[in-house]
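Visitor: Position chain S relative to chain B; hints supplied.
So the protein sequences, as listed, match chains B and S. Here the first sequence is numbered in numbering that gives the first Met the number 0, starting from 0 and rising by one per residue. Here the second sequence is numbered in numbering that gives the first Met the number 0, starting from 0 and rising by one per residue.
Simulated from the structure, these hints should not be mistaken for lab results. Ideal placement from N, C-alpha and C gives every residue a C-beta, glycine not left out. Treat the hints with care, as some may be off.
Here chain B is said to cover these stretches of chain S; the calculated rule only asks that three of the stretch's residues, wherever they fall, bring their Cβ under 8 Å from a Cβ of chain B [claimed, not checked]: (1) 0–12; (2) 22–32; (3) 35–46; (4) 85–95.
DEER-style ranges, computed between Cβ atoms [what the hints assert, rightly or not]: (5) B:Phe74 - S:Asn95: 21 to 27 Å; (6) B:Ser27 - S:Pro97: 19 to 25 Å; (7) S:Gly98 - B:Glu22: 17 to 23 Å; (8) S:Ala58 - B:Glu15: 21 to 27 Å; (9) B:Asp56 - S:Leu24: 26 to 32 Å; (10) S:Arg19 - B:Phe74: 25 to 31 Å; (11) S:Glu16 - B:Asp56: 40 to 46 Å; (12) S:Arg26 - B:Ala72: 16 to 22 Å; (13) B:Ala72 - S:Leu24: 20 to 26 Å; (14) S:Gly11 - B:Ser27: 34 to 40 Å; (15) S:Asn95 - B:Arg92: 17 to 23 Å; (16) S:Leu24 - B:Glu22: 37 to 43 Å; (17) S:Gly33 - B:Ala44: 15 to 21 Å.
2 protein chains.
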Amino acid sequence: MRLVQFDFPYSGPFGEEMARAMEGLARSINEEPGFLWKIWTEDRASGRAGGIYAFTDDAAAQAYIAKHSARLAEFGITGIRALAFDVNETLSRINNMPG
Amino acid sequence: MRLVQFDFPYSGPFGEEMARAMEGLARSINEEPGFLWKIWTEDRASGRAGGIYAFTDDAAAQAYIAKHSARLAEFGITGIRALAFDVNETLSRINNMPG
Numbered sequence: 000m001r002l003v004q005f006d007f008p009y010s011g012p013f014g015e016e017m018a019r020a021m022e023g024l025a026r027s028i029n030e031e032p033g034f035l036w037k038i039w040t041e042d043r044a045s046g047r048a049g050g051i052y053a054f055t056d057d058a059a060a061q062a063y064i065a066k067h068s069a070r071l072a073e074f075g076i077t078g079i080r081a082l083a084f085d086v087n088e089t090l091s092r093i094n095n096m097p098g
Numbered sequence: 000m001r002l003v004q005f006d007f008p009y010s011g012p013f014g015e016e017m018a019r020a021m022e023g024l025a026r027s028i029n030e031e032p033g034f035l036w037k038i039w040t041e042d043r044a045s046g047r048a049g050g051i052y053a054f055t056d057d058a059a060a061q062a063y064i065a066k067h068s069a070r071l072a073e074f075g076i077t078g079i080r081a082l083a084f085d086v087n088e089t090l091s092r093i094n095n096m097p098g
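Isolated chain B, as found in the complex:
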């Protein structure tokens, strides 16, 4: 498994309005090669959003980082930060990792 962390400046919409605006995008993400899950993150106070993703492997993670970074840039979003990580499963199991 390879974890991907995205965050970027974001001015809204938030909450249920965001959910309505992004539902089609969310459904399309389920079809991405190697995609396992995404937690959608948002913070109105600091004006940021992003996501934590799990992919089956690094090739899938890197392909998604390239695709999603280009899509966000098309939306006019700058200051995008995307990182890929392994998960330390031994430590994460101690700390009740979900799933």
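Guide: Same frame as chain B, but now just chain S:
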């Protein structure tokens, strides 16, 4: 629920060696007020590590950010990045959010 994202430059240990070195810290994190879970992240190639945490509320998240940032600084770690987010549960459910 409030999600916390930490990442910072990290030169090791990684993998099972990291798990042995950090087991006591992991167990102590389970005792933090409002703590729900942590996914431990590491990337040997880029020399980074961090974690994705869930807390019950923002007060618990902010208290942990302050405590853990100070602890990492004591370890000599600089370039620490810590962000707190809400989770968009409607979108995350579409994308198979674990837990």
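Visitor: Would you mind marking each hint as holding or not holding in the structure?
Guide: Here is what the structure says about each hint:
no.	hint	in the structure
1	0–12	holds (count 3)
2	22–32	holds (count 5)
3	35–46	holds (count 10)
4	85–95	holds (count 9)
5	B:Phe74 - S:Asn95: 21 to 27 Å	holds, 24 Å
6	B:Ser27 - S:Pro97: 19 to 25 Å	holds, 20 Å
7	S:Gly98 - B:Glu22: 17 to 23 Å	holds, 21 Å
8	S:Ala58 - B:Glu15: 21 to 27 Å	holds, 24 Å
9	B:Asp56 - S:Leu24: 26 to 32 Å	holds, 28 Å
10	S:Arg19 - B:Phe74: 25 to 31 Å	violated, 44 Å
11	S:Glu16 - B:Asp56: 40 to 46 Å	violated, 23 Å
12	S:Arg26 - B:Ala72: 16 to 22 Å	violated, 42 Å
13	B:Ala72 - S:Leu24: 20 to 26 Å	violated, 38 Å
14	S:Gly11 - B:Ser27: 34 to 40 Å	holds, 38 Å
15	S:Asn95 - B:Arg92: 17 to 23 Å	holds, 20 Å
16	S:Leu24 - B:Glu22: 37 to 43 Å	holds, 39 Å
17	S:Gly33 - B:Ala44: 15 to 21 Å	holds, 18 Å
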